[in-house]
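There are 2 protein chains.
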Amino acid sequence: MMEQVPGALGTSASLALRLGQTIFSSASLLFMCLDVEFYSYTSFSYLVTIMGLVTPWSVSLALVDAYSVFIKGLPRQPKILLIVIVGDWALSFLSLAAACSTASVTSLLVNVGTSFCPSKLCSRYQLSAAMAFLSWFLSLASTLFNLWLLPSL
Amino acid sequence: MMEQVPGALGTSASLALRLGQTIFSSASLLFMCLDVEFYSYTSFSYLVTIMGLVTPWSVSLALVDAYSVFIKGLPRQPKILLIVIVGDWALSFLSLAAACSTASVTSLLVNVGTSFCPSKLCSRYQLSAAMAFLSWFLSLASTLFNLWLLPSL
Chain A
1 MMEQVPGALG TSASLALRLG QTIFSSASLL FMCLDVEFYS YTSFSYLVTI
51 MGLVTPWSVS LALVDAYSVF IKGLPRQPKI LLIVIVGDWA LSFLSLAAAC
101 STASVTSLLV NVGTSFCPSK LCSRYQLSAA MAFLSWFLSL ASTLFNLWLL
151 PSL
Chain B
1 MMEQVPGALG TSASLALRLG QTIFSSASLL FMCLDVEFYS YTSFSYLVTI
51 MGLVTPWSVS LALVDAYSVF IKGLPRQPKI LLIVIVGDWA LSFLSLAAAC
101 STASVTSLLV NVGTSFCPSK LCSRYQLSAA MAFLSWFLSL ASTLFNLWLL
151 PSL
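Those protein sequences? They're chains A and B, same order as listed.
Just so you know, the first sequence maps onto residues 1 to 153 in the UniProt record's numbering.
Just so you know, the second sequence maps onto residues 1 to 153 in the UniProt record's numbering.
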């Protein structure tokens with residue numbers, strides 16, 4: 001009999017966390033990409049790269065969770081769980097770094113003046129950074145829940 | 001008989017980690033503070049705030065480790081260890097955020113032009129960000145070593 005840790009891989013709480021990550025990271029990607037010359041700033045390209053990694057990762061784990069919740073419980077293997085934990089952990093650090101860089105560059109651009117950043121664009125950058133922060137927070141939560149489960153396997 | 005995990009609180013490896021954190025965080029602080037108007041940029045003020053927290057934290061834990069190594073081994077209590085882990089963990093996230101913000105703002109200032117940042121100042125900002133990254137890395141290592149010890153107590 002396996003313990004059911006809420007939020008660990010294969011539970012409905014984990015599905016909710018993954019869906020949240022998917023939504024926030026793709027929102028961050030869209031706010032930054034659509035109609036914006038994001039590649040002129042290093043931090044913005046970095047944010048796009050990282051969010052482009054986080055989105056497919058979250059989508060695929062959300063699919064695994066959905067399968068496990070709605071169709072058939074999958075057996076948990078420590079090796080797979082370890083890969084998921086390490087992946088989440090690395091991506092959460094990377095998305096924190098990307099969110100911080102974007103937020104600080106945006107704040108600098110706002111202060112320097114409107115020639116670098118028309119007000120409509122700047123608020124989109126800020127929204128994108130906020131979404132990246134939320135996505136970081138959720139993937140950190142996933143890491144911790146899975147890490148909690150690991151010793152019991 | 002207590003297990004000796006290298007790098008956990010009270011060992012000589014931990015003392016080395018703490019000394020490294022002290023050196024890197026105070027170097028980051030000095031590069032940023034001395035003769036620079038750091039308060040005109042939000043990220044730089046943030047870096048100074050965080051490094052001003054990391055330095056006394058590392059110094060005090062280095063003193064605890066030095067006492068424990070050279071004079072008398074202190075008994076390890078789970079509560080104190082938990083406080084140290086949580087503190088290290090929070091400070092490592094904060095210093096990663098500060099290092100990323102500083103690095104990205106510096107890179108932006110370098111690209112925008114020399115009117116915002118004479119080349120001598122810019123290289124100091126970069127050095128400060130690099131030191132903050134090293135300090136982040138060492139405090140993450142401390143967190144992980146202590147976390148490894150926690151279940152055995």
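Treat the hints as calculated values from the structure; they're not laboratory data.
Be a bit skeptical, because a hint or two may be false.
[To be verified] Below, in silico cross-link-like pairs of lysine to any residue (SDA-like), each with a Cα-Cα straight-line distance of 25 Å or less:
no. : chain 1 : residue 1 : chain 2 : residue 2
1   : A       : K120      : B       : P151
2   : B       : K120      : A       : S107
3   : A       : K79       : B       : P151
4   : B       : K79       : A       : S152
5   : A       : K79       : B       : S107
6   : B       : K120      : A       : T42
Hint consistency between K120/A and P151/B [alpha-carbon to alpha-carbon, up to 25 Å] = violated (51 Å)
Assess, step by step, whether the Cα of K79/A is no farther than 25 Å from the Cα of P151/B, and give holds or violated.
-> The given pair, whose Cα atoms are some 20 Å apart, holds under the 25 Å limit.
Could you grab the alpha-carbon distance between K79/A and S107/B and see if it respects the 25 Å cut-off?
-> violated (40 Å)
Decide if the proposed pair is consistent with the structure: K79/B and S152/A, CA atoms, cutoff 25 Å inclusive.
-> holds (22 Å)
Is K120/B close enough to T42/A, meaning Cα to Cα at most 25 Å?
-> Cα-Cα ~21 Å, so holds.
Within a Cα-Cα threshold of 25 Å, do K120/B and S107/A meet the stated pairing?
-> holds (24 Å)
In the structure shown, a violation is registered for the earlier hints numbered 1, 5, in ascending order.
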